[in-house]
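Q: Chains as they are written, first to last, in the numbering used here: chain W, 1 to 156; chain P, 1001 to 1583.
Read the hints as simulated data drawn from the structure, not as lab findings.
Given the structure is predicted, the values throughout are model-derived calculations rather than measurements.
Do not rely on the hints blindly, as some may be mistaken.
Claimed, not checked - Here are some chain W residues pointing at chain P (derived, C-beta under 10 Å):
#1 F56
#2 G58
#3 D152
What the hints assert, rightly or not - From the derived model, a few chain P residues whose C-beta atoms are all more than 12 Å from chain W:
#4 Q1042
#5 P1053
#6 T1092
#7 I1113
#8 T1163
#9 G1185
#10 Q1216
#11 L1232
#12 H1304
#13 A1361
#14 A1447
#15 N1452
#16 K1503
#17 V1558
A virtual CB, placed ideally from N, CA and C, is assigned to each residue, including glycine.
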Amino acid sequence: MAVQSVRSLFAGFALITACRGGGRGGPAAAPLAVTYGQHVFAGGAAPAGATLQNPFRGDRASAAQGEVIFGAMNCDGCHGGGGTGWVGPSLADGRWRFGGSDGAIYQSIYYGRPHGMPAYGGLLLSSGAVWKLVTYLQSLAPPADVPTEAWDTSGR
Amino acid sequence: MKRVLLLALWSGAAHVPAASQDAQWTMPAKDYGATRYSGLAQISAANAGRLRPVWTFSTGVLGGHEGQPLVVGHTMYVVTPYPNVLYAFDLTRDGYPLKWKYRPNVDPNAVGIACCDAINRGAFYADGKVVYNLLDGRTVAIDAASGKELWQTRIADLAQGETTPVATFVVKDRVIVGASGGEFGIHGWVKGLDLATGRIAWTAYNIGPDSQVLAQPGTFRPFYDTGADLALTTWPADVWRRGGGPVWGWMSYDPALDLVYYGVGNPGPYNPDQRAGDNKWTASVLARRPEDGALVWAYQFTPHDSWDYDANAEMILVDLTIKGRRRKTLVHFDKNGFAYTLDRATGEVLSAEPFVEVNWARRVDLVTGRPVLDSTKLTGASRGTVKHICPTLEGGKTPAAPAAYSPRTGLFYVSTNNMCMDYLAAQATYIAGTPFIGATTPYHAGAGGGGNLGAFIAWDAVRGRRAWQIKERYPVWSGVLATAGDVVFYGTLDGWFKAVDAKTGRVLWRFKVGSGVVGNPISFTGADGKQYVAVYAGIGGDWFLLAGDVRSDDPADVRPPADFSPDIARHTSQGGIVWLFSL
């Protein structure tokens, strides 16, 4: 499982590179309005050129089916009930290590990620099932993403 | 109180120079009896108030710093959590500079297969080698003088959900290792490796037919059970193949009986409906011959475990006078909340008394060796949410935090948890290399409410009762050091490292170290002839999962605090630091 996830990840990178290159010959061919930084996949936002859209986005029935898959595929064993984080990172905090766009979440599930996220695509889950998982994760109401945690200092 | 209890002080590893065993700390639990007792006495109840920090070192790693350093001669060895760096400090030079460090290339995928943070429980020194496990399923032997790798052996398979944070254990020419993965549906085992070459000499499963368990007629004589293939017939067909039974705790050894003792973890999945039967030998203690792994006896603390009561806690070997009779005993503080005293030659249970609040069983029947259950606390997917089970699956005491024994006081010193849980089991699906759990188990405070989620206790195993306790606001998750100065050391999750009077439990001294303590203190004699105490700071392990707001290193991972204890992160955050204290 672990070995396969790494191999699949490389396949994922190859796919992205192929899409981005588009046969036009590397960074020099990028439109002037697009800065270099926008082509670097550093998490948070996928580079332009490879956009996948969730066909079920916002669909509550699909989100509910995704929640069942989240339990049935043992996702909660690593990411915690409700996706709030366990040995794997929180998926309910509105923050994404490998990008939070439809396509980035899809690819994280389908191809796996380093540090032990297995590739669920193909063998274990159909493309549609992965999208339902994406829909479920997107339905988890993220907290207001206030970066402050404070404690009551009035008592002891 | 008349103290007639003396323990047979096991000498250390045969390969270590005899020069003052107490000056050094060459194996995880100090000695083969796993007493974590140091004969050093410079630091005493009279002067412990003058302890002060004299040296610190950041390991550069943020994972939970369980385990303990080793000191061999005047070199201190420190293994970090993943990525399992091994540091060798020269204690003869000013500032204790490194002699070398060893940085193995550990597979990062192991981090996601490890159930409960990427921890490591420590190395073992033997025959000029520092032997320890890498998280990704390898054992390595490093030349203690040069830091060069002498051998490495693949012992476990990440793809099957196996990881290897367990402390290694060396007896004669055998390195004995096990694997974690009770949450991943592994088929648990221990292996005996050749100390000189790393070659796997034997593999002994904890579950399965006698041929795999290495139970041979005539050699294997459990005290309470009869029949062949006990570890097969107590499972549904084929379910045993992914039944868990991990080995992630501590081992001990009796040279006279030539037996190695270790505890086996939980059966999988947590939903017991999927595995009818006793599920031997999960949640059990096993006694094996180190040379060939042959099973000599076994005893199951929690048959058909329905609460994740792993039995991986240490087996402390001391000789006690029980009901007027001198016995070679094994004392064990189980996750299930009972303190057991067994005859370590036979596996007979001599006593079993609760050392924390226990309600899943009323008592242990000493005739049958079985717990007398409260049927309302049995769990399973068919039973819905079962409320208020004590203790939680963190244990009355976590096996990660080993207890200590002082032959001077005759007391055991134990870090305990005061928490209970609700348990909602659900059908679990086995997918190799992913979690195989099937339960949701929220915790709440135990007796007395949330004022003390833990306590540090002294336990009298002869009388089967607590001698004294120090209530702690948080669960106590550090190992314990007992010393001949009648001072006992432990640390707390909110980062206090404490010295207490071994006789009375009075706190003599405390110091706020850099992070919560989940490691185990040790003591040794420095090159200057002074007694030192070393401990890791570095909250983690289960507390990385339960109190996820103690982490600060990943901007894309923000977690809620532990609902049963919302303010741990007010007092500590992650960070691995080695601390040294002396007078």
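Q: What hint numbers does the structure not satisfy?
A: 1, 2, 7, 8, 9, 17
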